[in-house]
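Asks: With the hints as constraints, model all of the structure from the sequences given.
There are 2 protein chains.
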Amino acid sequence: MNFPSRLIENAVNEFAKLPGVGRKTALRFVLHLLKQNDKDVANFSETFLKLKQELKYCKSCHNISDSELCDICSSHKRDHSLVCVVEDIRDVMAIENTGQYNGVYHILGGIISPMDGIGPSDLNIESLVEKVKNGEIKEVVMALSTTMEGDTTNFYIYKKLKEFNIMISTIARGVSIGDELEFADEVTLGRSIINRTLYEKGLSSK
Amino acid sequence: MNFPSRLIENAVNEFAKLPGVGRKTALRFVLHLLKQNDKDVANFSETFLKLKQELKYCKSCHNISDSELCDICSSHKRDHSLVCVVEDIRDVMAIENTGQYNGVYHILGGIISPMDGIGPSDLNIESLVEKVKNGEIKEVVMALSTTMEGDTTNFYIYKKLKEFNIMISTIARGVSIGDELEFADEVTLGRSIINRTLYEKGLSSK
Chain A
1 MNFPSRLIEN
11 AVNEFAKLPG
21 VGRKTALRFV
31 LHLLKQNDKD
41 VANFSETFLK
51 LKQELKYCKS
61 CHNISDSELC
71 DICSSHKRDH
81 SLVCVVEDIR
91 DVMAIENTGQ
101 YNGVYHILGG
111 IISPMDGIGP
121 SDLNIESLVE
131 KVKNGEIKEV
141 VMALSTTMEG
151 DTTNFYIYKK
161 LKEFNIMIST
171 IARGVSIGDE
181 LEFADEVTLG
191 RSIINRTLYE
201 KGLSSK
Chain B
1 MNFPSRLIEN
11 AVNEFAKLPG
21 VGRKTALRFV
31 LHLLKQNDKD
41 VANFSETFLK
51 LKQELKYCKS
61 CHNISDSELC
71 DICSSHKRDH
81 SLVCVVEDIR
91 DVMAIENTGQ
101 YNGVYHILGG
111 IISPMDGIGP
121 SDLNIESLVE
131 KVKNGEIKEV
141 VMALSTTMEG
151 DTTNFYIYKK
161 LKEFNIMIST
171 IARGVSIGDE
181 LEFADEVTLG
191 RSIINRTLYE
201 KGLSSK
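Note that the protein sequences, when read in sequence, are chains A and B.
For the first sequence, position 41 matches number 41 in my numbering, and the numbering has no gaps at all.
For the second sequence, position 190 matches number 190 in my numbering, and the numbering has no gaps at all.
Rather than coming from a laboratory, the hints here were simulated on the basis of the structure.
Be aware that a few hints might be false.
One copy or any two copies: either way a pair holds, since identical chains are not told apart in the list.
[Claimed, not checked] Quick list of in silico lysine-lysine cross-link-like pairs, DSS-like style, CA-CA up to 25 Å:
#1 LYS131 x LYS24
#2 LYS35 x LYS59
#3 LYS138 x LYS77
#4 LYS77 x LYS59
#5 LYS160 x LYS24
#6 LYS56 x LYS24
#7 LYS160 x LYS133
#8 LYS77 x LYS35
#9 LYS39 x LYS50
#10 LYS50 x LYS24
Replies: Written out as structure tokens, the structure is:
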């Protein structure tokens, strides 16, 4: 694409760095911005600068937070002996939305992915081991994606934690609620048969 | 969505103002930005501020430009008596890409759309009439979308220009090259039959 202006080209290139945004979409964003008034555009660009400069991470769970300790970690209503290990804040938001979880979280900030140059030392794993070592925790729930990278990270953390006297569990995998059995892939269906729930247990649990 | 931080929420809201970006996509953008280093994020936000502050519009055709007169308007190789009327710079870029047009442009900056509160006075129509009045122009080619709004704008400009002694044309509408006839919609196919090209003329024209 040949742009009539260097400024437009720079702006398009910046937008095109965002995930899933091509140069055509980026140009659409730029033209939209140009139609806004000066104040709105100033607001737009300052928000991201401020975000990066002022954002804090919770010192306990590494969640994004406005204060030193996030709302979940500082709440007395939560079970601090139950820790759910997730990849990023989107997973926290998804689990919080269910209203079914009352423990705290530990955000890894990514998963082990040698292809992208992300090793265990780039993630918040040491602080999790430290927390477990201090005896604060009774159970760790692994809630990572079932991809090659997720399974690797799961296994790595499991190996680090198995020497301690705690329970380690993983979220249930199975056929989604509302899904037709015939369309479920064989791995998911296979897992949901192996990890079937006994009726009494199923009825008594939430 | 409940966000763990006000800063995140603000950033998501800003991104979600962009056309076609929902709050989930906006959050993905924000998390992507958070993974970048400080300098990249500063660059990202400064680009848009600079864009809005420094961008100039060509005083002749209203195209986006780094200087007073855009590259096309200041070129001696272009036919300045042939003017193509388009909606915005994306159309200029699309026509320039074909390599088939040697005239100059006139960018309206939108089309007449009462639903969005855009009337003729919000567009660069007066300056087009002025140019035609000055006798600089021999032919005006209308290249607007064939929507209700595009047709209205076409008709409005036609009425404004018909008193002057110039040619007014519109780009050809017809079945796209490579399209199967049976799948063409009836209006397009109808138009392509009415405005059929004579063979001799077709062979002699580019």
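Asks: Determine for every hint whether it applies to the structure shown.
Replies: Results of checking the hints against the structure:
1. For the identical chains of this complex, LYS131 and LYS24 are neighbours neither inside a copy (47 Å) nor across copies (32 Å), given an alpha-carbon limit of 25 Å.
2. Taking the shortest Cα distances, LYS35 and LYS59 sit within 25 Å of each other only across copies (18 Å), while inside one copy they are farther apart (41 Å).
3. Taking the shortest alpha-carbon separations for LYS138 and LYS77, only the intra-copy value of 17 Å comes in at or below 25 Å, while the best inter-copy value is 78 Å.
4. Taking the closest pair of Cα atoms, LYS77 and LYS59 come within 25 Å of each other only inside a single copy of the chain (19 Å); across copies the shortest separation is 64 Å, beyond that limit.
5. Taking identical chains as interchangeable, the C-alpha atoms of LYS160 and LYS24 are never at most 25 Å apart, the minima being 46 Å within one chain and 34 Å between chains.
6. In this homomeric assembly, LYS56 and LYS24 come within 25 Å of each other (Cα to Cα) only across copies, at 21 Å, whereas the closest approach inside a single copy is 34 Å.
7. Taking the shortest alpha-carbon separations for LYS160 and LYS133, only the intra-copy value of 11 Å comes in at or below 25 Å, while the best inter-copy value is 81 Å.
8. In this assembly of identical chains, the alpha carbons of LYS77 and LYS35 never lie at most 25 Å apart, being 47 Å within a copy and 31 Å across copies at closest.
9. For the identical chains of this complex, LYS39 and LYS50 are neighbours both inside a copy (16 Å) and across copies (13 Å), given an alpha-carbon limit of 25 Å.
10. Taking the closest pair of Cα atoms, LYS50 and LYS24 come within 25 Å of each other only across two copies (21 Å); inside a single copy the shortest separation is 28 Å, beyond that limit.
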